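**Student:** Assemble the complex: chain F is given as a structure, and chain X must be docked to it using the hints.
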Amino acid sequence: MPTIQNERESLMISTKYEMECDELRCVFTGRLDAEASRADTETFESAWQTAQKERGDRASSMKIIFDLGEVDYVASGFLRLCMQASKKPGGNQLHVVNTSPDIKKLFAMAGLDLFVY
Amino acid sequence: MGASQETGDGGVRVRGIADDLMQRALMSAAVYESYDQEATDHIVERVFRAGFNRRVELAKMAAEETRMGVWQHKVIKNVLATHLVYENIRDTKTVGVLSENEVTGITEIAQPLGPVLAIIPVTNPTSTTMFKILICLKTRNPVIVSPTRKAVKCCEAAARICYEAALEAGAPDDCIQWMPETSREMTHAVMGHKKLALILATGGTGLVGAAYSSGTPAIGVGPGNVPVLIDDSADLPFAVESIMASKTFDNGTICASEQAVVLEERISADVRREFERHNGVMLAAEDVRRLQACAVLPNGNMNPDVVGQSAETVARLAGFSVPEGTRLLLARLTGTGLEHPLSGEVLAPILAFYEERDFNTAIKRCIDLNYLGGVGHTAAIYSNNEERIALFGRLMNAGRVLVNTPSSQGAVGGTYNTLNPSFTLGCGSGGKNSTTENVTAKHLINIKRLCRPRLNERLARFNREEYCDETKDVDAILRDYNRNW
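Protein chains in written order, with numbering that gives the first Met the number 0: chain F, 0 to 116; chain X, 0 to 484.
Okay, chain F solo, but in the shape it has when bound (with noise of 0.2 Å):
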């Protein structure tokens, strides 16, 4: 069960593979801007090819869960990385939880709310 985590004083973002689940599950905390997005993105990827090699022959039924609890904005770039994720092998399998309703509009608005929860 790895945990990535990287953490500066505007953002956290920790990521958690969890076997049983199926799932890899990232909790972003804070003001995910364009910096943060970059930095969130190639943590993410980390974390993702993590749980692969994890997974072996099962890579294509993982799902991704975006935990948005504690962010209050989100840049067009975390948009971005949404959609990244989004196209992963398997695909459909992301899932963005816990929004606000501020940012579940925005989802909305860039045509992204298929996967918002």
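Derived by calculation from the structure, the hints in this document are not laboratory data. Among the clues, some could well be false.
Claimed, not checked - In silico lysine-lysine, DSBU-like type, Cα no more than 35 Å apart, as pairs: (1) K193/X x K87/F; (2) K441/X x K62/F; (3) K103/F x K92/X.
The structure presented is a predicted model; accordingly, all values stated were derived computationally and were not measured.
**Tutor:** Only chain X this time, still in chain F's reference frame:
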């Protein structure tokens, strides 16, 4: 790819590019919507400063690339598009609550439209690009700049300068984009994209028509054919100097520039003398024939080769010579319509010249010119007779009726009057447009209305069963409805 119909794989490719542009714009719109007024205004100010600081370089680029107009005049256009537009919109509230009215119970809240496609004409490329970017950013709408093929480089340069400044000021990624290619197929794919919110269509009739036909809401412009009437009460030297400054500005590329001067016979000699004093040349009949054959195509459209060229160049293209330093070609005409090709719009230093018996025949000539091809656009009068000015204002079908003002500069606002400075001049229903106003930031907002209960007291007290009573006619019902409680 050119202008050929792109089908099959090519069509898929074009749609893919359009989808990508729109996806980026949508994401930008989503993020930008969360910005407050202060952050928005900061971005607009930084973009204005960046564009203004590069006004000369961009003007030279535009003149060189399009081979139209005068770069010094394009500098003035760039100043208007940045400095004067910024001054005009700076204090306009475009974010959050716009107004609250306790009496009506209505609170108005600004909401961005979404991605806007900015179609840019060849005649005012860098100025229109910066103008549209500023009003879109002020209203938190991402903008996609679509330049004409003859002005790609300068428009991209203007857009890039604005985009870099916007990003530095904290604007969301992709708040300004420009079309990666300028084919007709690409433009149509974006214009008809279901995610596009609005087209700001400034350009020729064909392009504006295509924008309206795309299914996406559009704010367009109509063609101009600006008559200017000089009556015998006008200050003639002032009137002619003003018309010269307007009609020769950027070699006549502004669609609000005068196309025909109409005057009473009794002042004709004085007016001609004034034009000649300012290097306007009254052409001989034979040269008028040559000029109309050159400047107007057989289908009645203006010849693009003469657009934005100097008077001397136009004369040379038409096959006759004029004295060195000639600034304006005056063509005496006696009628309007297809048999008199120069009675229509030509964006070059060519001015039709009509001498009429009296004020009434002069104003009727202006009506003919107005309805010939410039309905809803602009008309101008030089007079010091208020009754005549009022009559002219009533009879012209024009979004802007300018009084004692150069029409090019007057119509675009911000210098000679208090019209909104703009490079998109609405022409109302006559020009197939939704507004007669000079388009600006306020036209790019959806206004939501939060409505609190405010009962219609008369209706509440009225016995509504009376509506079903066939014996009650309208007077009986209105008597009860309007009863004084």
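**Student:** Look at each hint and say if it fits the structure.
**Tutor:** So, going through the hints one by one against the coordinates:
For the proposed pair K193/X and K87/F, the alpha carbon gap of about 26 Å is at most 35 Å, so the pair holds. A threshold of 35 Å between alpha carbons decides the hint, and for K441/X with K62/F the separation of about 45 Å lies outside it, so the pair is violated. For the given pair, K103/F sits about 25 Å from K92/X by alpha-carbon distance, which is consistent with the 35 Å threshold.
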